[in-house]
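Asker: Protein sequence lines, in the order shown, are assigned to chains B and L.
Residue numbers for the first sequence follow my numbering, so the first one is 88 and each next one is one higher.
Residue numbers for the second sequence follow my numbering, so the first one is 88 and each next one is one higher.
No lab work stands behind these hints: they were computed from the structure.
A virtual CB, placed ideally from N, CA and C, is assigned to each residue, including glycine.
Please note that a few of the clues may not be correct.
Unchecked claim - To give a feel for the contact side, a few chain B residues facing chain L, derived at Cβ under 7 Å:
#	residue
1	155
2	173
3	206
4	218
There are 2 protein chains.
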Amino acid sequence: MNTSLQDHIKRFISLDDNQFDRLGDYFERRMLEKKQTLLSEGNACHEMFFVVKGCLQICYIKKNGTEQTIDFAIENWWTSDFMALHSHTLATLTIKAVEKTEVLVLSAFSQKRLFAEMPEMETYFRLIFQRAYAASQRRICLLYEFSREDLYLQFCKNFPAFVQRVPQYLLASFLGFTPEYLSEIRKKNIS
Amino acid sequence: MNTSLQDHIKRFISLDDNQFDRLGDYFERRMLEKKQTLLSEGNACHEMFFVVKGCLQICYIKKNGTEQTIDFAIENWWTSDFMALHSHTLATLTIKAVEKTEVLVLSAFSQKRLFAEMPEMETYFRLIFQRAYAASQRRICLLYEFSREDLYLQFCKNFPAFVQRVPQYLLASFLGFTPEYLSEIRKKNIS
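When you get a sec, could you build the whole thing from the sequences and use the hints?
Answerer: This is the structure we're talking about:
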């Protein structure tokens, strides 16, 4: 069993060694090259993804044809198009690797079998979703509170390593800037 | 046991009649008058709330001192300050009744006992949070896609009864308008 996921699970619930050994049967390891697509808008979505190493970009195509980044997922985060997964509709989101990335894939089918064998994992996923929803409540507060420029400065302050790691055009897309405008803000705040 | 919550639970999981009878022991019914506060920013948050009848406003005080509405909860929705609940920190959100409202309160203590007695309820809450997080992913897409004015028009089209029900100054706050600007948009789109 992958140790990153094992450590993550231990933060929320208790499983014995035998259970951890069997966990590996339910997850599929997938390696992505930089810019490789994991989920495409318009396709069926039956899987969720745990980032072991690397970074994923979650985005969609706006009506004007441009790509809009709505989120990133780095180590120890779960992601997917959860509306498509939950309601069995086609994905409206695309998920791609920002850099070389290793994920563990849990299909809806495997998840169902996993819950039947280890009901403790229901608790783990309840807490994962509760935490993700809590974070999105906070994010919505930030979107109301700060201007886009202040959001960028907050982001740099809170996640300096992340700002170094992600290409600037993706960070600009996430913050709703043009890359040119982001470049201007950076210059202004460096000088 | 309250029939609204019972019907809601049935949409996600199966419980027998005996379990439904016992469920009532874990929830506390609370009636709120219009504008009455259910949770105050700065207080401990140990509870989550299911709206049986009525409407709740979820808001916080911005740095400039104004009240910012970040969400509403109507019938069949669960709400709380989930970050405070999850991380045992003080609430940064305030929850108030928009109109006369009936809620069922589930304390963290009762939830723990409930899961011990009926592990099926872990599945119910996992699905509730998964759905809430999925909806917030979609909401973030809408915030990127539409101007504030278009968001209002979409809102009127998708939730006409809700727009009639909620005071206009709260709807304006939710959409990030001043009440005066909302009034202008309404006039423009009626004429």
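Asker: Under 7 Å is the threshold here; is the Cβ of residue 206 (chain B) close enough to any Cβ of chain L for the hint to stand?
Answerer: For residue 206 (chain B), the interface hint holds, since the closest Cβ of chain L sits about 6 Å away, which is under 7 Å.
Asker: Please verify that hint: residue 218 (chain B), Cβ, nearest Cβ of chain L, below 7 Å or not.
Answerer: holds, 6 Å
Asker: Is the shortest C-beta separation between residue 155 (chain B) and chain L less than 7 Å?
Answerer: Result: holds, 5 Å to nearest chain L Cβ.
Asker: Was the hint right that residue 173 (chain B) lines chain L, CB cutoff 7 Å?
Answerer: holds, 5 Å
Hint check: no violations occur; every hint is consistent with the structure.
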